[in-house]
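So the protein sequences, as listed, match chains A and B. Just so we're aligned: 32 in our numbering is position 32 of the first sequence, and the numbers increase by one with no gaps anywhere. Just so we're aligned: 150 in our numbering is position 150 of the second sequence, and the numbers increase by one with no gaps anywhere.
Warning: the hint list may mix true and false statements.
Straight line, CA to CA, 30 Å or less: simulated BS3-like cross-link-like pairs of lysine-lysine [what the hints assert, rightly or not]:
| hint | chain 1 | residue 1 | chain 2 | residue 2 |
| --- | --- | --- | --- | --- |
| 1 | B | K273 | B | K62 |
| 2 | B | K245 | A | K56 |
| 3 | A | K60 | B | K62 |
These aren't lab readings, by the way, just hints derived from the structure by calculation.
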Amino acid sequence: MPEIDDRLRNFVDFLGTQPMAPDLTYEEVAQSTSRAELGISSLNILILVNNYIEEKADGKIALRPEWVPMLDDVEGILSVIEEIDAGAPVEV
Amino acid sequence: MAAIGSFACVTGHAEGRPEDIPGFVDLWRAVSPDTAFAAMGTGTYRKMTGPVTPYIVDCVAKVLSEHGVRAAEVDRLVLATSDGVLGLLGRDVAVDVMRAAGLTACVPAIVSLQQCCSSIEALRYAWGLAGADARNVVLVALDFTPDDRDRVKSFAVFGDAVAGCLISRDHAGLTLAGTGVAADFSGMVGEDTFATRQSVARAALGQAFGQAGRAPDDVAKIFTSSLFAPIATFNAMAAGQARGKLYFQEPMTRYGHCGNADWLINLMDYHHKTGLEPGALYLAQASAPGFFACALLEAST
């Protein structure tokens, strides 16, 4: 059974709030390797990541060129989400 | 020394809204299920109401009128179009345009097979002609979609337009400092990824900046393909370009994605509204499935 870590839970929980995202369980995401397996189109992942930045970082983080190739697979997407979280302003 | 100027554009005469295309909801769902169309940043598109030849002739006339160049003084006519439209042009398109436009001392040519990047290759070709023995070269990029149902794609809504410019040794304007074009076969066959798209863009941009001996930070504005706003901005980010340098949103909202004519339309729109700054460096770029092309244009001081 693949490991379901906090990064994955965070991502799947966020997907659950997005109308354009497919309904996915933790297990389904954990068992997938590519974005295509998740049923998320290239256009939708751009919008999802942008929405994530808006929600978690108030739009204050710019997408980075080095993140681009990471958006084709699940591990890469989780890493990008993690990096956005790490760069998000801390609420006081 | 030649210079590029006298930009002109003739869009389709009829205005339409994507949402009014019969069967739009199903068309959009087929190409992009679950995505809200409202987030794409579109507005209207333009549709040609008759054959393309009169639009081309009108565009040529507008290009020549800025400096009062007589049609008989044009040495070369370079047409550019995307692959699909190439097959729609009649075998007599060059003669028909030349006859109607009065281009009686002119050698015609057409550049295509690079999708929406074709006009940048055509610019490079036309610039070479002007650098050799041609005095006045007219470049015309054209693209149109006869069936409205074919306008709705996952990356843009297509509009109809013809846009052109004059490359002349007699008038001031922009200098072509460098060009780049790169192909990605996986994109041509619909198997590209974010990584391959980023790679093809970087390859083409590297060629252009290398030729020009300039750096990306030197660019004042980028006239890019009029794709959906989230895609155009993402592509720019992927290529390491600042979002604030992009100029496409307003023309895209009015005209849609006019294929390989986009960069000309966007440059002209910016030129009319803001003006080109003397000495500034501008980047025209186009992307298409399997291709990326760009041209660095320097305004005269």
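Hint check results:
1. B/K273 - B/K62: holds (18 Å)
2. B/K245 - A/K56: Holds, at roughly 26 Å.
3. A/K60 - B/K62: At roughly 45 Å apart (the allowed maximum being 30 Å), B/K62 and A/K60 break the hint.
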